Structures are given as structure tokens and as C-alpha cells.
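Residue numbers (my numbering), protein chains in the order written: chain A, 616 to 965; chain B, 616 to 965; chain C, 616 to 965.
Careful, some of the hints might be misleading.
[Said to hold, decoys possible] Here are the simulated DMTMM-like cross-link-like pairs (lysine to aspartate or glutamate), alpha carbons at most 25 angstroms apart as the crow flies:
1) C/K805 <-> A/E935
2) B/K805 <-> C/E856
3) B/K805 <-> C/D886
4) A/K945 <-> C/E944
5) C/K805 <-> C/D816
6) C/K938 <-> A/E644
7) B/K938 <-> C/D816
8) A/K938 <-> B/E949
9) B/K805 <-> B/E772
10) B/K805 <-> C/E760
11) A/K805 <-> B/D874
12) A/K954 <-> C/D957
13) C/K945 <-> B/E948
14) B/K945 <-> A/E644
15) B/K945 <-> A/D778
16) A/K805 <-> A/D778
17) B/K805 <-> C/D816
18) C/K617 <-> C/D632
19) B/K954 <-> C/D957
20) A/K945 <-> C/E634
21) B/K945 <-> C/E944
22) C/K805 <-> C/D874
23) C/K954 <-> A/E942
24) B/K938 <-> C/E942
25) C/K904 <-> C/D886
26) B/K805 <-> C/D874
27) C/K805 <-> A/E948
[Stated by the list, open to error] Computed from the model, here is a short list of chain C residues facing chain B with C-beta under 7 angstroms:
28) L691
29) C701
30) L731
31) Q749
Bear in mind the hints are in silico, worked out from the structure with no lab data behind them.
Please read all numbers here as calculations on a predicted model, not as lab measurements.
Using N, Cα and C, we set each Cβ at its ideal position, and we do this for glycine too.
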Amino acid sequence: MKLRELAGRLGCELLGDGEVEIRGVSGLERAGPGDLTFLANPRYAPLLATTRAAAVIVASANESTLPRLVSENPYLAFARAVGLICPPARPEPGVHPSAQVHPTAVLGTGVHVGALAVVGARARVGARSVLHPQVVVYDEVTIGEDCLLHSGVQVRERCRLGDRVIVQNGAVIGGDGFGFARDAEGRYHKFPQVGTVVIEDDVEIGANVAIDRSTLGATVIRRGAKIDNLVQIAHNVVIGENTVVCGLVGISGSVTIGDNVTIAGQVGMADHVTIGSNTTIGAQSGVSKSLEGGQYYLGSPAVPIGLASRQYAVWANLPELSKRVRELEKRLEEIADVKRRDRGDRREDS
Amino acid sequence: MKLRELAGRLGCELLGDGEVEIRGVSGLERAGPGDLTFLANPRYAPLLATTRAAAVIVASANESTLPRLVSENPYLAFARAVGLICPPARPEPGVHPSAQVHPTAVLGTGVHVGALAVVGARARVGARSVLHPQVVVYDEVTIGEDCLLHSGVQVRERCRLGDRVIVQNGAVIGGDGFGFARDAEGRYHKFPQVGTVVIEDDVEIGANVAIDRSTLGATVIRRGAKIDNLVQIAHNVVIGENTVVCGLVGISGSVTIGDNVTIAGQVGMADHVTIGSNTTIGAQSGVSKSLEGGQYYLGSPAVPIGLASRQYAVWANLPELSKRVRELEKRLEEIADVKRRDRGDRREDS
Amino acid sequence: MKLRELAGRLGCELLGDGEVEIRGVSGLERAGPGDLTFLANPRYAPLLATTRAAAVIVASANESTLPRLVSENPYLAFARAVGLICPPARPEPGVHPSAQVHPTAVLGTGVHVGALAVVGARARVGARSVLHPQVVVYDEVTIGEDCLLHSGVQVRERCRLGDRVIVQNGAVIGGDGFGFARDAEGRYHKFPQVGTVVIEDDVEIGANVAIDRSTLGATVIRRGAKIDNLVQIAHNVVIGENTVVCGLVGISGSVTIGDNVTIAGQVGMADHVTIGSNTTIGAQSGVSKSLEGGQYYLGSPAVPIGLASRQYAVWANLPELSKRVRELEKRLEEIADVKRRDRGDRREDS
Numbered sequence: 616m617k618l619r620e621l622a623g624r625l626g627c628e629l630l631g632d633g634e635v636e637i638r639g640v641s642g643l644e645r646a647g648p649g650d651l652t653f654l655a656n657p658r659y660a661p662l663l664a665t666t667r668a669a670a671v672i673v674a675s676a677n678e679s680t681l682p683r684l685v686s687e688n689p690y691l692a693f694a695r696a697v698g699l700i701c702p703p704a705r706p707e708p709g710v711h712p713s714a715q716v717h718p719t720a721v722l723g724t725g726v727h728v729g730a731l732a733v734v735g736a737r738a739r740v741g742a743r744s745v746l747h748p749q750v751v752v753y754d755e756v757t758i759g760e761d762c763l764l765h766s767g768v769q770v771r772e773r774c775r776l777g778d779r780v781i782v783q784n785g786a787v788i789g790g791d792g793f794g795f796a797r798d799a800e801g802r803y804h805k806f807p808q809v810g811t812v813v814i815e816d817d818v819e820i821g822a823n824v825a826i827d828r829s830t831l832g833a834t835v836i837r838r839g840a841k842i843d844n845l846v847q848i849a850h851n852v853v854i855g856e857n858t859v860v861c862g863l864v865g866i867s868g869s870v871t872i873g874d875n876v877t878i879a880g881q882v883g884m885a886d887h888v889t890i891g892s893n894t895t896i897g898a899q900s901g902v903s904k905s906l907e908g909g910q911y912y913l914g915s916p917a918v919p920i921g922l923a924s925r926q927y928a929v930w931a932n933l934p935e936l937s938k939r940v941r942e943l944e945k946r947l948e949e950i951a952d953v954k955r956r957d958r959g960d961r962r963e964d965s
Numbered sequence: 616m617k618l619r620e621l622a623g624r625l626g627c628e629l630l631g632d633g634e635v636e637i638r639g640v641s642g643l644e645r646a647g648p649g650d651l652t653f654l655a656n657p658r659y660a661p662l663l664a665t666t667r668a669a670a671v672i673v674a675s676a677n678e679s680t681l682p683r684l685v686s687e688n689p690y691l692a693f694a695r696a697v698g699l700i701c702p703p704a705r706p707e708p709g710v711h712p713s714a715q716v717h718p719t720a721v722l723g724t725g726v727h728v729g730a731l732a733v734v735g736a737r738a739r740v741g742a743r744s745v746l747h748p749q750v751v752v753y754d755e756v757t758i759g760e761d762c763l764l765h766s767g768v769q770v771r772e773r774c775r776l777g778d779r780v781i782v783q784n785g786a787v788i789g790g791d792g793f794g795f796a797r798d799a800e801g802r803y804h805k806f807p808q809v810g811t812v813v814i815e816d817d818v819e820i821g822a823n824v825a826i827d828r829s830t831l832g833a834t835v836i837r838r839g840a841k842i843d844n845l846v847q848i849a850h851n852v853v854i855g856e857n858t859v860v861c862g863l864v865g866i867s868g869s870v871t872i873g874d875n876v877t878i879a880g881q882v883g884m885a886d887h888v889t890i891g892s893n894t895t896i897g898a899q900s901g902v903s904k905s906l907e908g909g910q911y912y913l914g915s916p917a918v919p920i921g922l923a924s925r926q927y928a929v930w931a932n933l934p935e936l937s938k939r940v941r942e943l944e945k946r947l948e949e950i951a952d953v954k955r956r957d958r959g960d961r962r963e964d965s
Numbered sequence: 616m617k618l619r620e621l622a623g624r625l626g627c628e629l630l631g632d633g634e635v636e637i638r639g640v641s642g643l644e645r646a647g648p649g650d651l652t653f654l655a656n657p658r659y660a661p662l663l664a665t666t667r668a669a670a671v672i673v674a675s676a677n678e679s680t681l682p683r684l685v686s687e688n689p690y691l692a693f694a695r696a697v698g699l700i701c702p703p704a705r706p707e708p709g710v711h712p713s714a715q716v717h718p719t720a721v722l723g724t725g726v727h728v729g730a731l732a733v734v735g736a737r738a739r740v741g742a743r744s745v746l747h748p749q750v751v752v753y754d755e756v757t758i759g760e761d762c763l764l765h766s767g768v769q770v771r772e773r774c775r776l777g778d779r780v781i782v783q784n785g786a787v788i789g790g791d792g793f794g795f796a797r798d799a800e801g802r803y804h805k806f807p808q809v810g811t812v813v814i815e816d817d818v819e820i821g822a823n824v825a826i827d828r829s830t831l832g833a834t835v836i837r838r839g840a841k842i843d844n845l846v847q848i849a850h851n852v853v854i855g856e857n858t859v860v861c862g863l864v865g866i867s868g869s870v871t872i873g874d875n876v877t878i879a880g881q882v883g884m885a886d887h888v889t890i891g892s893n894t895t896i897g898a899q900s901g902v903s904k905s906l907e908g909g910q911y912y913l914g915s916p917a918v919p920i921g922l923a924s925r926q927y928a929v930w931a932n933l934p935e936l937s938k939r940v941r942e943l944e945k946r947l948e949e950i951a952d953v954k955r956r957d958r959g960d961r962r963e964d965s
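Full structure from sequences and hints, please.
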């Protein structure tokens with residue numbers, strides 16, 4: 616694709632030779648001839664002088680003399696360029712003969728159902744959605760349009776996915792919530808999990824994620840949320856719009872998370888807590904209480920970052936602090952000794 | 616179902632109009648006409664006055680004037696009621712024509728084997744057990760009666776499941792333990808994991824769990840234990856009866872856990888430790904040493920909750936503690952200065 | 616197998632009766648007649664006197680009077696013996712009739728493709744490799760010789776596995792990296808993950824692991840690395856040779872890990888950090904900065920073990936430290952009081 620065509624499709628200003636042929640994409644350092652690259656972080660600006668890329672996406676016209684596209688958001692423009700230059704292979708519409716689609720299931724136009732996939736009774740799959748091989752869709756599931764479910768994904772009975780939802784391999788949507796009632800002898804009895812999971816539009820769900828169905832209502836992942844690999848989302852949880860949940864996070868039952876929240880890796884949350892919108896929670900934090908929105912929290916238990924930074928600063932020197940206390944005790948003991956002697960002296964003086 | 620019939624089937628005392636028709640189940644706040652609800656936690660008692668539910672399960676007769684069922688354990692009674700009012704869909708007995716059942720496998724009466732499931736040579740599946748689509752049962756596996764294995768579950772060679780075992784989607788039972796012998800050049804050589812996994816009756820295992828087979832003997836999950844999603848259980852582990860393991864917990868090799876233990880989310884345990892019965896371990900704790908039974912532990916490293924609470928209380932004010940030490944040092948310095956001056960004064964006096 | 620034959624095949628010195636028939640393997644305590652056992656850890660030497668084993672592998676000839684094999688590395692010799700005495704069942708070469716192998720895929724000699732497995736277009740599987748039932752191999756994947764992929768494994772498009780790679784059930788190799796560009800309205804747009812995953816020879820990957828494909832280049836797991844269950848490896852990560860990663864570890868994007876590193880369970884690593892070779896990182900540590908090689912680190916944030924030990928030692932007594940500071944404050948207050956009185960006294964004196 617010529618740079619001029621790319622500029623048009625991305626809606627970017629073009630500077631320099633628009634006839635340059637773009638054949639690949641790469642970071643600044645690894646880019647070779649024919650590659651498009653980008654500069655988003657000013658820290659890497661010096662690499663512009665030495666990159667062998669054919670063209671670059673930059674934030675302002677004078678950052679480079681290479682053939683270039685100018686965008687307010689070079690990273691986003693580059694992401695879109697990658698999609699244009701290296702378009703993902705899209706399986707042909709149609710149902711593989713080895714797939715098991717229940718006669719009562721309804722498939723929209725252009726749907727692809729891969730080899731050995733299973734679509735249950737009364738399930739609905741929207742137009743142009745792709746089910747890769749060995750996806751399992753239980754009875755009465757609804758999947759929207761333009762969804763992409765990778766192999767090994769399991770969608771349990773009655774769960775609903777919106778449009779443009781992407782699910783990576785092995786994710787489980789709608790497994791039973793972890794709910795039991797204990798009897799007088801200490802045995803646990805299953806509380807039937809009769810709710811569902813609702814995934815709104817434009818959500819992406821990572822590999823081997825587990826999102827449990829609700830006990831009675833619905834576990835909800837709102838529009839545009841992005842869930843990384845191996846995340847545990849328990850029953851009755853609500854995750855807000857454009858919220859990002861990183862790998863190995865554990866969200867306990869009935870937690871409610873607002874919009875535009877960022878949750879770093881391995882964070883854990885106790886059940887029933889509420890996280891306000893526009894919150895960021897640092898890696899490995901433990902959230903034991905509800906958190907007000909609009910702040911950055913860190914630690915286990917998680918506290919506002921200002922306090923957490925001071926806690927960790929002391930922690931770093933904790934052995935030193937302990938020594939200083941011992942030192943204080945010694946000096947105070949010496950002072951007491953001296954005073955005792957002093958008082959003795961003065962008594963002798965008088 | 617009429618409330619009167621429900622009372623009979625649950626063995627609960629009925630108060631008020633037994634002819635009320637129960638069509639659904641819900642929590643106190645969301646319940647609508649036709650719904651059965653319950654009160655287990657006295658904190659929610661005020662909601663009884665405003666609930667729109669048709670009937671309620673309560674612990675004592677005078678808690679409500681609604682048509683009601685009285686139970687010593689309202690939560691357990693409600694759990695059972697949910698199972699009666701919203702009975703789970705049960706697949707019809709029979710083997711789906713696309714399933715691959717080895718001719719030497721033995722299936723009990725009423726077994727369901729779903730689409731594209733695999734049952735290996737000499738495997739045995741007990742009466743009325745359900746294998747959902749794409750379950751894989753390796754050779755010589757034994758599965759008891761009334762088990763429920765969801766799609767994507769993998770049960771490896773020679774593992775044994777008792778009766779009424781429920782396994783959520785994507786769980787792996789009997790993967791190789793993580794055992795290697797290192798040679799003089801630093802390369803690791805696989806230690807063949809020739810043991811198995813034994814899961815006793817009434818165990819439930821969550822989505823995408825990994826339970827490794829033993830090196831030589833058997834990894835054992837005892838009767839009634841409940842394992843949440845994404846839990847890692849390493850080789851040679853023993854988990855006791857009615858023990859509850861929450862999401863993302865990691866249990867290292869050869870750990871032995873007693874009965875009635877509760878392990879909260881994201882806890883980690885070092886290999887070879889022993890956890891006594893009736894223990895509770897708080898979220899994100901790290902267990903580096905064996906723990907006596909009957910106590911509540913928290914922290915990393917985990918210590919009895921009394922000590923942990925005091926540790927976390929100091930941690931919350933750690934920056935303050937550090938300031939107080941600095942303040943002490945200053946004041947002590949001043950005292951020393953004053954003293955030096957005092958001594959000088961007195962010397963002049965004399 | 617007779618002990619004499621075993622000695623020959625392991626290349627170990629034989630002492631005592633070589634005609635002993637070895638029928639099984641076991642640890643020292645559980646071993647019965649006919650079992651081979653071993654002593655690697657001198658702590659267990661007293662058990663040699665009472666073991667009922669038929670023979671034992673030891674490090675030096677005089678440790679036992681049983682029929683015995685002598686090896687510099689008894690654990691490694693025993694691991695090999697287990698493989699000889701209890702050889703793993705190996706499926707017969709051939710493609711199961713229910714498997715879906717694309718006509719353009721190339722299978723080496725002796726390959727086994729199990730029931731309902733899927734092999735995509737232009738994929739290549741090397742000689743003698745085994746794909747268990749329901750393995751999914753996407754288009755253009757390359758798998759080397761003598762690999763073993765267990766059921767439920769997903770290998771995504773264009774990923775490459777070397778020789779003798781073992782993948783446990785449910786692992787996902789090559790899921791999309793977690794990369795998004797945010798627009799001015801706060802919505803995330805997928806950054807197409809056009810890279811791959813390269814797994815070198817002799818790597819083992821645990822159950823339900825997730826290894827993401829790279830954004831542009833390749834996520835790389837180098838020769839001999841061993842990855843335990845439920846590990847998250849993000850895009851662009853490089854893991855060095857003979858590095859061991861234990862369960863539930865989370866490795867963020869673009870992390871580079873050297874050779875011979877050991878990472879204990881539930882460790883988390885921030886993106887872009889570098890871990891030097893020959894490093895050990897203790898359980899539940901949080902690595903927020905790059906770590907120099909050749910050391911042992913612990914804690915969150917991870918610091919060298921010497922400092923970490925002192926930090927945790929103070930932590931264990933943190934309530935005590937807090938009390939001592941309060942005590943110091945009291946005593947200093949008393950001293951100040953006394954001094955004030957003293958000065959008053961002296962003023963009266965003068």
C-alpha cells in the first residue's frame with residue numbers, strides 16, 4: 616500500500632513522498648526498508664534519526680524528515696495502520712461439515728462456524744460472527760454481530776454477548792458461581808446458579824479467563840471493557856465501561872466496578888466492594904473495602920497512592936528504622952544513667 | 616408451584632397463605648410478584664417491610680407477615696427452593712452420534728455423552744453422569760454416578776472421580792505434576808508423573824482449574840471439598856473434607872490440608888506445608904510454614920489474625936511511625952545539647 | 616526388569632544382588648517389595664534402615680546394604696528409572712478418522728493425531744509428535760519432532776514449537792497480546808497482534824497456561840524452560856534457557872528474563888523489566904524494576920534476600936516496634952518534665 620493511500624484511509628496529514636510503498640510495520644529500532652513505524656513516546660525521539668523505516672507516524676510535522684503521517688494520537692493511528700497493512704485472516708462464511716449446530720439454532724448471514732464447534736438449541740449467532748474450531752455455545756446463548764470467538768471458548772447456557780465481542784482461546788463465560796449453603800453438619804450444598812452473564816458491545820476477553828454466571832440476576836461486563844488472560848470474575852460482578860482488568864486479577868462475588876477503571880495484574884478484591892469510576896489500582900493490590908473513584912490506589916490493603924508511597928518508602932528502610940529505635944533506647948538509657956549520676960553529683964554538691 | 620407444596624418438599628413450617636403461586640426466586644430488594652425470597656442476615660431485616668416478594672423464608676415466625684416458610688437455616692432452605700423452582704436443564708440420556716466413545720469404555724445406565732466428547736479405552740462412567748460436549752476422558756479414567764462434567768473439561772489417564780462430582784468448564788484433572796531433575800549442566804529432565812488424581816464424592820471443581828497428578832501416588836481431593844476457578848493444585852497435594860479453596864489460590868507440591876479449612880482468594884502455599892483442620896486463611900496470604908488447625912491466619916507470611924491485625928494497624932500508620940522516630944531523635948539531640956550547655960553552666964556556676 | 620539391566624541402562628554402578636526384579640517405584644517410606652526407591656536428601660537417610668524397597672539408588676556405596684545403584688545424582692537417576700519401569704503409554708501413529716486435518720497440512724512420519732483434533736492449513740507437525748484428542752492447531756503453525764500436546768491445547772496461527780516440547784492440557788499458545796490504543800473519548804481500540812510465539816526445544820508448558828503472541832515480533836520461550844500451570848506470559852516477553860516459572864506467575868509485556876532463572880509461585884512482574892541470568896525470585900514477589908542476575912530476591916517490591924529477610928524480621932515484630940516507640944516518647948516526656956522541674960529547682964537554688 617502506498618503511504619498516500621494509507622494517509623487517506625487513516626485521515627492523517629501526509630508530509631514527504633506519498634509514493635513510498637509500505638510493506639510492513641515495526642518499532643523504531645527494528646524497522647527496515649518498507650516498514651511503517653511510529654513515535655508516540657518523546658523518550659524514543661532520538662531513534663528517529665537512525666531508523667531505517669520507510670515512513671513514520673508522528674504527532675507533529677517537524678519531528679522527522681522521513682515521509683510521514685501526522686496524527687494527534689500516533690499510537691492509535693499506528694494501531695489502525697497495522698490493521699490495514701496486516702489484515703487478520705478472516706475465515707470464509709459457512710458452517711464446517713464437522714461442526715454440530717443444533718437445528719433450532721439461528722445463524723446470521725456470513726457467520727463462520729469452524730470445525731468441530733458446537734452450537735446449542737435455540738442459540739443465536741449474529742451476522743458475520745466467527746466461531747473458531749471447537750468453540751462450544753450452550754443452549755439459548757445469544758451472540759451479537761461481528762464477534763470473534765477463538766477455539767476452546769465455552770459460552771454457557773443463556774449467556775448474552777453483544778456486538779464486536781472478541782474472546783480469546785479457552786475463556787469460560789457463564790460457569791457456575793461459587794455459591795454454597797452450609798448445613799449444621801458442616802457440609803456444603805450447592806446454591807443453584809440460575810443467573811447468566813451479559814457481555815456488552817466491544818468487550819475483549821483474554822485466554823483462559825473465567826467469568827461466572829450470576830446466582831439470580833446477571834454478571835455484567837459493560838461496553839468496551841478489556842479483560843486480560845487468566846482473570847477470575849465471580850458471580851454478580853458488574854464491570855464498567857472501558858474498564859481494563861489485567862492478568863490474574865481476582866474479583867470476588869458482587870463487586871461493582873465503575874467506568875474507566877484500570878486494574879493492574881494480580882490485584883484481588885473482596886466480595887461486595889464498590890470501586891468508583893476513573894480509578895487506577897496498582898499491581899498485586901488487595902482491595903478489602905470500597906474505593907472512591909478518581910484516585911490511584913496501591914498496596915494490600917489498597918490505600919491512596921500518596922500514603923502507599925510513604926508506606927513503601929518506610930518499608931524499604933524498615934531494618935534501618937528498627938536500628939534507629941534501638942539506638943534511641945540506648946541513648947535514652949545513657950541519659951537516664953547520666954542524670955542519675957548528675958543528681959547524685961548535685962546532691963553531693965549541695 | 617404453590618407455597619404449600621414447597622413447604623412440604625423443603626420440610627419447612629408454613630405460615631400464611633399456602634396457595635400463593637411461586638414462579639421465581641430473587642433477593643429481597645429485586646423480588647417481584649410471584650417471587651420467593653429469603654432473610655438470612657439480620658442486617659437486611661428492614662427490607663422485609665418493603666419487599667414485593669410473594670413469600671419469604673425466614674428463621675423465626677414473627678419476622679414477617681408475608682406468606683412464609685420457617686427454617687433454622689433460611690439460606691440453605693432457599694438454595695434448595697431455587698433448585699426446585701428453577702431445576703437445571705438435564706440432557707437426555709444417550710451418546711451423541713458425534714461423540715467418540717472407545718468400544719472398551721463402560722457407560723452406566725442413563726449416562727449422557729454430549730457432542731464431540733471423547734471417552735477413552737477402558738474408561739468407566741457411572742449411572743446418570745453427564746459429560747457435556749467436548750469433554751475429554753482419557754483411558755482408564757473412572758467417573759462415579761450422577762457426576763456433571765462441563766464442556767472443555769479434561770480428565771487425564773487413570774484419574775478417579777467419586778459420585779456427584781461437578782466439574783466446571785475447562786478444568787484439567789490429572790495434568791503432569793511439575794517435577795524435574797537437574798543435571799550437572801543445569802538442564803532439567805522430566806520426572807515422569809506416574810501417579811493419579813483421586814476426587815472423592817460431592818466435590819465441585821471450578822472453571823479452568825488445574826489439579827496435577829501425583830508423582831508416584833495420588834493427589835487427593837476429599838469428600839465435599841469445593842474448589843473455585845483458576846486454582847492451581849500441584850502434585851501429591853491432599854485437600855481435606857468440606858474444605859473450600861477460593862479463586863486463584865496456588866497450592867504447591869505435597870501440601871496437606873485438613874478438613875473444614877477455608878482458603879480465601881489468591882493465597883499461596885509453599886511446598887510440603889501442613890494445614891490443620893478448621894483453619895481459615897485470609898486473602899492473598901502466603902503460607903511458608905505449617906499452620907496449626909482451628910485458627911484464622913492472615914498475611915504474607917501468614918500469622919494468626921491477632922498478630923496480623925496489629926501488624927497491619929502499624930503498617931497503616933507506618934509513615935507516621937517513621938516521623939515519630941525522627942521526632943524522637945531530634946528531641947533527644949536537643950536534650951543532649953541542653954545538657955551539654957547545662958553542664959557548661961554548672962561548671963561556670965561552680 | 617532386573618536391577619542389573621536397570622544399572623546398565625542408567626549407567627550406574629551396581630552393588631548387591633543384580634537379579635532382584637524391579638516391578639515398581641516409590642518413595643522410601645511407601646516402598647514395598649519389588650519397588651525401587653532412592654535417597655537424594657541426606658535428611659531421609661534414617662529411612663533407609665526401615666524401607667521395604669527391593670533396591671535403592673544412592674549417592675555413595677556405603678549408604679545402604681540393600682541391592683543398590685550408585686549415582687552422583689540419585690534423583691536424576693531415579694527419574695530416568697521411573698521412565699524405564701513405568702513407560703508412558705504412547706498412542707499409535709496415525710490420524711483418528713474423526714480428526715480434521717487440513718489437506719495442506721504436513722504430518723511427519725509416526726505422527727499421532729487424536730480424536731477430534733484440528734490441524735489447520737499449511738501447518739507442519741514433525742515426526743513422532745503426538746496430538747491428543749481435541750488439540751487445535753491453527754493455520755501455518757510449525758510443531759517440531761517428538762512433541763506431546765495434550766487434549767484441549769490451542770496453538771494459534773503461525774506459532775512455532777521446537778522439538779520435544781510438551782504442552783499440558785488447556786494451555787493456549789499465541790492468544791492475542793493485550794494491546795489497545797485509547798482515543799480522545801477514552802475508548803480502547805485493539806492494536807492488532809500480528810506477531811507470533813516461538814517455543815524452543817525441550818520446553819514444557821503447564822495446564823491452562825496463557826502465552827500471548829507478540830505485537831510485532833515474537834514472544835520467545837528458550838530451550839529447556841519449564842512453565843508451570845496457570846502462568847500468564849504477555850506479548851513480547853523473552854524467557855531464557857532452563858528458566859523455571861512456577862504456578863500463577865504473571866509476566867507483563869516486554870519483560871526479558873535470562874537463563875537459569877527460578878521464579879516461584881504467584882510472582883508478578885511489571886512490563887519492560889529485565890531479569891538477569893541465574894536469578895531466583897521468591898514466592899509472591901512483585902518485580903517492579905529490573906533485577907541484576909546471580910542473586911536471590913524476595914518481597915513486593917522485590918529486593919535482595921538479605922534486605923528482604925531483615926524487612927520481614929522487623930515486620931514480624933512490627934507491633935512490638937510500635938510499642939517501643941510509644942514507650943520512648945513517654946520516657947522522653949518524663950525526662951522533659953523532670954528537666955523542667957530540675958531547672959525550676961536550680962532557679963530557686965540560685
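Hint check:
no. : hint              : verdict
1   : C/K805 <-> A/E935 : violated, 47 angstroms
2   : B/K805 <-> C/E856 : holds, 15 angstroms
3   : B/K805 <-> C/D886 : violated, 30 angstroms
4   : A/K945 <-> C/E944 : holds, 14 angstroms
5   : C/K805 <-> C/D816 : violated, 32 angstroms
6   : C/K938 <-> A/E644 : violated, 56 angstroms
7   : B/K938 <-> C/D816 : violated, 55 angstroms
8   : A/K938 <-> B/E949 : holds, 20 angstroms
9   : B/K805 <-> B/E772 : holds, 18 angstroms
10  : B/K805 <-> C/E760 : holds, 17 angstroms
11  : A/K805 <-> B/D874 : holds, 18 angstroms
12  : A/K954 <-> C/D957 : holds, 11 angstroms
13  : C/K945 <-> B/E948 : holds, 16 angstroms
14  : B/K945 <-> A/E644 : violated, 53 angstroms
15  : B/K945 <-> A/D778 : violated, 65 angstroms
16  : A/K805 <-> A/D778 : violated, 33 angstroms
17  : B/K805 <-> C/D816 : holds, 14 angstroms
18  : C/K617 <-> C/D632 : holds, 10 angstroms
19  : B/K954 <-> C/D957 : holds, 12 angstroms
20  : A/K945 <-> C/E634 : violated, 72 angstroms
21  : B/K945 <-> C/E944 : holds, 12 angstroms
22  : C/K805 <-> C/D874 : violated, 33 angstroms
23  : C/K954 <-> A/E942 : holds, 22 angstroms
24  : B/K938 <-> C/E942 : holds, 15 angstroms
25  : C/K904 <-> C/D886 : holds, 9 angstroms
26  : B/K805 <-> C/D874 : holds, 18 angstroms
27  : C/K805 <-> A/E948 : violated, 66 angstroms
28  : L691              : holds, 4 angstroms
29  : C701              : holds, 4 angstroms
30  : L731              : holds, 5 angstroms
31  : Q749              : holds, 6 angstroms
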